[in-house]
Amino acid sequence: MNAEVFFTPDAAVADIEDGSTILVGGFVSAGTPSNLILALKRSGQTNLTAVANNIGLGDLLDELCEDRQLSKVIATFAIRASGTRSSRFEAQYRAGEAELELVPQGTLIERLRAGGAGLGGVLTRTGLGTMMAEGKQVLELDGESWLLERPLRGDVALLKAWRGDRQGNLQYRQAGLNFNPVMATAADLVIAEVEEIVEAGEIPPDGVGTPGLYVDRLVQCEPIPVRWDG
Amino acid sequence: MNAEVFFTPDAAVADIEDGSTILVGGFVSAGTPSNLILALKRSGQTNLTAVANNIGLGDLLDELCEDRQLSKVIATFAIRASGTRSSRFEAQYRAGEAELELVPQGTLIERLRAGGAGLGGVLTRTGLGTMMAEGKQVLELDGESWLLERPLRGDVALLKAWRGDRQGNLQYRQAGLNFNPVMATAADLVIAEVEEIVEAGEIPPDGVGTPGLYVDRLVQCEPIPVRWDG
Amino acid sequence: MRADPGALGRLIVASSTAPVSLSRELIALRAARELAPGSVVNLGIGLPTLVAGFVEAADGIRFQAENGILGYSGISDSDFDADLINAGGQPVDLLAGASFFDTADSFAMIRGGHIDAAVLGGLQVSARGDLANWYVPARGGGSVGGAMDLAVGARTLIIAMAHVTREGEPRIVEVCDYPLTAERCVDVIVTDLAVIDVTARGLSLRETAPGVSVEEVGAWTGAALDTSGPVREMSL
Amino acid sequence: MRADPGALGRLIVASSTAPVSLSRELIALRAARELAPGSVVNLGIGLPTLVAGFVEAADGIRFQAENGILGYSGISDSDFDADLINAGGQPVDLLAGASFFDTADSFAMIRGGHIDAAVLGGLQVSARGDLANWYVPARGGGSVGGAMDLAVGARTLIIAMAHVTREGEPRIVEVCDYPLTAERCVDVIVTDLAVIDVTARGLSLRETAPGVSVEEVGAWTGAALDTSGPVREMSL
Numbered sequence: 001m002n003a004e005v006f007f008t009p010d011a012a013v014a015d016i017e018d019g020s021t022i023l024v025g026g027f028v029s030a031g032t033p034s035n036l037i038l039a040l041k042r043s044g045q046t047n048l049t050a051v052a053n054n055i056g057l058g059d060l061l062d063e064l065c066e067d068r069q070l071s072k073v074i075a076t077f078a079i080r081a082s083g084t085r086s087s088r089f090e091a092q093y094r095a096g097e098a099e100l101e102l103v104p105q106g107t108l109i110e111r112l113r114a115g116g117a118g119l120g121g122v123l124t125r126t127g128l129g130t131m132m133a134e135g136k137q138v139l140e141l142d143g144e145s146w147l148l149e150r151p152l153r154g155d156v157a158l159l160k161a162w163r164g165d166r167q168g169n170l171q172y173r174q175a176g177l178n179f180n181p182v183m184a185t186a187a188d189l190v191i192a193e194v195e196e197i198v199e200a201g202e203i204p205p206d207g208v209g210t211p212g213l214y215v216d217r218l219v220q221c222e223p224i225p226v227r228w229d230g
Numbered sequence: 231m232n233a234e235v236f237f238t239p240d241a242a243v244a245d246i247e248d249g250s251t252i253l254v255g256g257f258v259s260a261g262t263p264s265n266l267i268l269a270l271k272r273s274g275q276t277n278l279t280a281v282a283n284n285i286g287l288g289d290l291l292d293e294l295c296e297d298r299q300l301s302k303v304i305a306t307f308a309i310r311a312s313g314t315r316s317s318r319f320e321a322q323y324r325a326g327e328a329e330l331e332l333v334p335q336g337t338l339i340e341r342l343r344a345g346g347a348g349l350g351g352v353l354t355r356t357g358l359g360t361m362m363a364e365g366k367q368v369l370e371l372d373g374e375s376w377l378l379e380r381p382l383r384g385d386v387a388l389l390k391a392w393r394g395d396r397q398g399n400l401q402y403r404q405a406g407l408n409f410n411p412v413m414a415t416a417a418d419l420v421i422a423e424v425e426e427i428v429e430a431g432e433i434p435p436d437g438v439g440t441p442g443l444y445v446d447r448l449v450q451c452e453p454i455p456v457r458w459d460g
Numbered sequence: 461m462r463a464d465p466g467a468l469g470r471l472i473v474a475s476s477t478a479p480v481s482l483s484r485e486l487i488a489l490r491a492a493r494e495l496a497p498g499s500v501v502n503l504g505i506g507l508p509t510l511v512a513g514f515v516e517a518a519d520g521i522r523f524q525a526e527n528g529i530l531g532y533s534g535i536s537d538s539d540f541d542a543d544l545i546n547a548g549g550q551p552v553d554l555l556a557g558a559s560f561f562d563t564a565d566s567f568a569m570i571r572g573g574h575i576d577a578a579v580l581g582g583l584q585v586s587a588r589g590d591l592a593n594w595y596v597p598a599r600g601g602g603s604v605g606g607a608m609d610l611a612v613g614a615r616t617l618i619i620a621m622a623h624v625t626r627e628g629e630p631r632i633v634e635v636c637d638y639p640l641t642a643e644r645c646v647d648v649i650v651t652d653l654a655v656i657d658v659t660a661r662g663l664s665l666r667e668t669a670p671g672v673s674v675e676e677v678g679a680w681t682g683a684a685l686d687t688s689g690p691v692r693e694m695s696l
Numbered sequence: 697m698r699a700d701p702g703a704l705g706r707l708i709v710a711s712s713t714a715p716v717s718l719s720r721e722l723i724a725l726r727a728a729r730e731l732a733p734g735s736v737v738n739l740g741i742g743l744p745t746l747v748a749g750f751v752e753a754a755d756g757i758r759f760q761a762e763n764g765i766l767g768y769s770g771i772s773d774s775d776f777d778a779d780l781i782n783a784g785g786q787p788v789d790l791l792a793g794a795s796f797f798d799t800a801d802s803f804a805m806i807r808g809g810h811i812d813a814a815v816l817g818g819l820q821v822s823a824r825g826d827l828a829n830w831y832v833p834a835r836g837g838g839s840v841g842g843a844m845d846l847a848v849g850a851r852t853l854i855i856a857m858a859h860v861t862r863e864g865e866p867r868i869v870e871v872c873d874y875p876l877t878a879e880r881c882v883d884v885i886v887t888d889l890a891v892i893d894v895t896a897r898g899l900s901l902r903e904t905a906p907g908v909s910v911e912e913v914g915a916w917t918g919a920a921l922d923t924s925g926p927v928r929e930m931s932l
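Chains as they are written, first to last, in this note's numbering: chain B, 1 to 230; chain Z, 231 to 460; chain Y, 461 to 696; chain L, 697 to 932.
Just so you know, these hints were derived from the structure itself, not from any lab.
Because the structure is a prediction, the values reported are computed rather than measured.
Each residue gets a CB set at the ideal place from its N, CA and C atoms; glycine is no exception.
Honestly, I wouldn't trust all of these hints.
Below, a list of computed lysine to aspartate or glutamate pairs in the EDC-like style, where the Cα atoms sit at most 20 Å apart [unchecked claim]: (1) Z:LYS271 x Z:ASP248; (2) B:LYS136 x Z:GLU370; (3) Z:LYS302 x Z:ASP372; (4) Z:LYS366 x B:ASP142; (5) B:LYS72 x B:ASP18; (6) B:LYS136 x Z:ASP372; (7) Z:LYS271 x Z:ASP245; (8) B:LYS136 x Z:GLU374.
Okay, the calculated bits of chain Z under chain L, using three or more residues with CB under 8 Å as the criterion [claimed, not checked]: (9) 296 to 308; (10) 335 to 343; (11) 356 to 362.
Sequences are here, hints too, so could you generate the full structure?
See below:
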């Protein structure tokens with residue numbers, strides 16, 4: 001069950017297929033797999049669906065729009081309420097060239113968790129009485145209304161962690177956790193970029209944020225700094 | 231938001247009311263709040279419902295049956311399939327004096343998690359086509375059947391951690407995590423016994439297993455060793 | 461990052477179409493005063509972020525960020541660390557006793573009712589406390605982030621916003637015509653003109669901004685407003 | 697804790713009502729041979745626990761315990777640590793690269809299909825692979841632990857059990873009359889008499905225990921058994 005170590009992010013993503021659904025970890029600048037995203041850009045795969053917290057907030061996910069690689073984005077933050085700068089994705093969305101499914105953050109993470117944990121869905125109040133409830137089943141239970149949210153999975157997950165060991169165990173830094181540990185459970189192929197690859201045992205058992213069995217591929221990369229300035 | 235520090239487990243549980251539902255952390259010997267359980271025994275409160283992974287596996291929860299304090303147990307492991315020794319709970323259950331709700335482990339933890347996370351329930355395959363599905367709603371979604379499991383909460387949670395700080399942050403040792411972190415989220419009053427109370431900041435931010443906002447009361451106790459020998 | 465309340469008088473601003481009003485900083489200052497000592501608070505992106513600059517360290521208020529932090533004190537002045545940001549992407553400073561967790565645990569905390577208060581921005585609030593703050597129909601698409609979960613889960617929801625739009629249209633209305641974030645979720649509205657409580661019987665005026673009359677607040681409010689209670693002037 | 701396969705011959709046992717059969721240790725040894733190198737395996741309480749003693753370190757098999765451990769190698773001979781146990785309460789030794797997590801994450805792993813194989817005990821297995829292993833009607837109450845989640849979630853489910861009850865009644869039956877753990881979940885049955893695959897067309901005999909004939913296995917089996925495939929003798 002060792003993870004396969006790749007020497008370049010390009011090699012690690014080379015066999016992702018056109019039309020794949022890609023889970024992309026990270027939250028703005030924290031825990032964001034920028035090296036893998038840029039490798040995916042260079043790979044040229046198209047018709048991709050990206051599932052991510054955000055696109056166009058200083059992240060490099062928006063780079064995939066330069067060559068129109070994204071046909072759909074499932075995210076919590078994609079179109080700015082104000083501001084002069086517009087992301088490439090926003091322009092393509094407005095032109096009807098790319099699809100957007102906006103999901104509340106707490107619902108997005110629960111849908112991914114359900115996808116990874118073998119659950120058929122969860123009931124939440126979030127979104128009740130809003131546009132988010134359109135077309136979804138509402139259950140009345142003991143006098144309360146609940147919105148049924150269904151699982152979400154990816155063909156591939158692209159993650160960023162601080163360190164990874166050869167068994168695939170991942171250790172995160174600070175708020176670099178965010179969507180990464182859950183996305184690790186919810187894709188058929190899990191690829192992680194890490195700042196350092198270490199031997200098994202160097203990450204203490206209580207410091208493992210993602211157990212190794214979830215991780216298929218590791219690549220050591222110098223992190224690419226990104227920042228959102230609003 | 232500091233946790234209140236008590237000097238004895240007896241003082242920490244003194245105001246638990248008759249008829250309360252008590253979540254009890256731990257898994258056989260690991261992370262089991264034996265000091266708090268024995269304090270609850272000495273307190274004499276009755277008509278309690280205990281929610282725990284196990285009763286009668288070397289744990290001290292069974293001690294609460296000596297004075298018939300438990301009217302109901304919700305657990306995954308309560309009646310042994312074989313073996314000569316019988317727990318007090320088992321005897322009371324067989325005599326019709328105490329009620330048992332048996333729940334699969336993965337369903338018990340998800341019901342507790344839903345109770346703590348503001349979810350109205352989860353859909354699982356676990357228990358479909360078995361006695362566990364009796365009286366429960368089955369949803370057919372996209373040609374698959376799912377069992378609807380509803381949230382579970384307690385009035386009180388009794389937890390065991392390794393260290394706690396004055397803000398209520400808890401750090402667990404090894405497999406001492408088990409049910410404790412989720413139970414911390416799912417009760418109105420959360421009481422934790424710890425081996426050591428430390429100052430805020432001594433538990434590193436990435437070593438916190440239960441964030442302090444969940445914990446109301448802390449008591450430092452020498453752990454009571456328990457063991458199941460089958 | 462701590463503002464000087466003594467210098468805030470000059471921050472009262474005027475525009476041609478809207479009333480003379482408090483600045484964004486003063487709205488944030490007044491919203492900060494709503495927070496109970498020792499409470500756990502989540503701050504939305506934009507104006508609410510400024511609230512962190514107006515809480516006293518002695519009050520022991522701890523901020524929670526959706527991305528997985530409990531216990532940051534405010535926006536950091538030190539070097540940017542990409543992995544140590546709040547949900548708005550801003551660098552933050554940690555208090556002793558802070559903790560990190562993943563997004564699933566973060567929203568269990570939010571949705572599960574464990575956050576004492578959230579301060580969010582608003583586009584519209586209705587007479588019964590419905591909130592609209594994520595979708596501008598003219599722009600489309602929207603960005604919801606954690607707003608819907610916070611609106612449903614925070615024990616107290618404080619909306620900090622301008623009382624009217626730039627065009628002078630009331631944001632406090634009988635019924636929202638912007639798409640909702642959540643129904644019946646708002647507890648308190650803090651604006652540049654007033655502090656208004658949302659009660660079971662509707663909107664109740666609690667405070668007016670310095671130099672703003674009860675009548676003026678009423679005129680700029682698009683919903684029935686109970687002004688019969690004791691109405692004080694905001695102390696800033 | 698590693699048994700010596702060379703000394704296992706004496707472990708073949710006999711009883712008055714049941715056939716001459718392999719011991720529990722030999723069933724565990726044979727079940728261990730079903731595990732692929734490098735796989736992640738969960739072992740049920742009782743007989744399956746013995747499987748840990750029969751895997752080779754070189755195979756890199758890692759055991760997962762429901763209570764929140766990935767990467768224990770087997771039962772520990774060292775001092776008892778109350779916080780370092782498997783789901784059966786037994787002390788365990790950790791491999792390099794082990795990890796701890798809470799019960800929610802543990803069952804996300806189990807239910808989500810991330811465990812390569814589980815070895816569980818059985819009371820009955822039906823012709824279509826239904827499993828009954830948690831409730832003895834005569835005793836009542838039951839103890840389910842993680843069995844239902846493992847039966848649903850493990851990619852491969854191996855049942856290790858005695859072929860017949862102490863009274864000589866078949867445990868492999870057309871339809872279970874004990875309450876089910878899960879429907880259509882069993883892939884392989886390893887008993888003291890045979891190795892049987894559960895296929896889409898029913899039960900298929902793969903191996904017989906040393907000295908046990910195909911006919912004897914059929915006689916002690918309470919369901920239709922396809923014996924037409926290549927049937928070998930177990931190598932132990």
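These are the hints, each one checked on the structure:
1. The suggested pairing of Z:LYS271 with Z:ASP248 holds, with an alpha-carbon distance near 12 Å, which does not exceed 20 Å.
2. The hinted pair formed by B:LYS136 and Z:GLU370 meets the criterion: a straight-line CA distance of about 14 Å does not exceed 20 Å.
3. The suggested pairing of Z:LYS302 with Z:ASP372 is violated, with an alpha-carbon distance near 38 Å, which exceeds 20 Å.
4. Between Z:LYS366 and B:ASP142, the direct Cα distance comes to roughly 13 Å. Compliance with the 20 Å bound is thereby established for this hinted pair.
5. Annotation: proposed proximity of B:LYS72 to B:ASP18 holds, straight-line Cα distance about 13 Å (limit 20 Å).
6. Under the criterion of a C-alpha separation no larger than 20 Å, the hint pairing B:LYS136 with Z:ASP372 is consistent with the structure, at around 13 Å.
7. For the given pair, Z:LYS271 sits about 13 Å from Z:ASP245 by alpha-carbon distance, which is consistent with the 20 Å threshold.
8. A threshold of 20 Å between alpha carbons decides the hint, and for B:LYS136 with Z:GLU374 the separation of about 17 Å falls inside it, so the pair holds.
9. Coverage of the stretch 296 to 308 of chain Z by chain L holds. Counting CB-CB distances below 8 Å, 3 residues qualify, and the rule asks for three or more.
10. Judged by the Cβ-Cβ criterion of 8 Å, the stretch 335 to 343 of chain Z is covered by chain L as claimed, because 6 of its residues qualify and three suffice.
11. Note: the stretch 356 to 362 of chain Z has 7 residues with beta-carbon separation from chain L under 8 Å; the three-residue rule is met and the coverage holds.
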